[in-house]
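Modelling step: build the complete structure from the supplied sequences, incorporating the hints.
Okay, so the sequence shown: first residue is 29 according to this note's numbering, each after it adds one.
Where hints are given, some of them may not hold.
As the list claims (entries may be wrong) - Calculated cross-link-like contacts (lysine to aspartate or glutamate; reagent style EDC-like; alpha-carbon spacing at most 20 angstroms): (1) K141 - E159; (2) K119 - E171; (3) K119 - E144; (4) K119 - E159; (5) K87 - E113; (6) K71 - D37.
No lab work stands behind these hints, which were simulated from the structure alone.
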Amino acid sequence: RKAIWTLVDIMSRHHKYDGLLRNCFRCLYSKELVEHTGFVLTKFATALVSVLHSTSCLKILLGVFYKLSSLMWRQPASKKIQLSEMKPIEKTLDILRYLNNLDPLGQQQNPLKVMEVGWSFLCNITAHCPECCIQFCESGGVEIVLACYQSHRETFAEALPILFGAFGNVVEVDDLQSR
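Structure (structure tokens):
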């Protein structure tokens with residue numbers, strides 16, 4: 029438990045150093061490790077969102093999205109709302125908008141995989157949480173879904189259910205259906 033807290037502290041304080049973050053993620057990669065130690069979700073998720081806001085390294089983004097997606101899965105709306113105050117939905121959509129315009133063949137890390145896991149995070153944070161769905165819509169999420177679909181419908185075929193997952197969550201919110 030002490031080792032995990034130390035790694036999270038390092039991630040929070042030194043989130044601009046991609047190599048250090050990559051090593052921290054290697055240590056924290058196991059979801060079971062975090063759950064086994066009774067880790068406090070909020071502090072870990074907060075550290076991940078800090079990293080999300082400060083890096084452009086695709087490998088780091090992939091790790092952040094993996095962890096955020098797994099952490100948000102089956103969380104109560106109150107935890108999702110608490111995390112959403114740090115603007116991870118907006119930042120994720122900005123990243124997805126950027127990645128959608130990259131040439132996948134000209135990159136060391138395939139941006140499509142990062143996009144897939146980013147969409148998975150958005151799907152999990154918006155599930156059963158109208159407040160997060162509203163943030164998703166107000167940040168241009170629906171437009172980004174459509175843009176990604178138009179750009180990558182052939183190469184992104186297996187990820188289409190994930191791509192449209194957050195969109196499906198939005199459709200379930202009565203107040204957003206008219207939009």
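Cross-check of the supplied hints:
A C-alpha spacing of about 27 angstroms is found between K141 and E159, which places the hinted pair above 20 angstroms, so the restraint is violated. Restraint check: the Cα-Cα separation between K119 and E171 comes to about 15 angstroms, which is no more than 20 angstroms; the hinted pair holds. About 15 angstroms separates the Cα atoms of K119 and E144, which keeps this hinted pair within 20 angstroms; it holds. Taken as a hint, the K119 and E159 pair is honoured in the structure, with Cα atoms around 16 angstroms apart against an allowance of 20 angstroms.
The suggested pairing of K87 with E113 is violated, with an alpha-carbon distance near 25 angstroms, which exceeds 20 angstroms. A C-alpha spacing of about 9 angstroms is found between K71 and D37, which places the hinted pair at or below 20 angstroms, so the restraint holds.
Of the numbered hints listed earlier, those contradicted by the structure are 1, 5.
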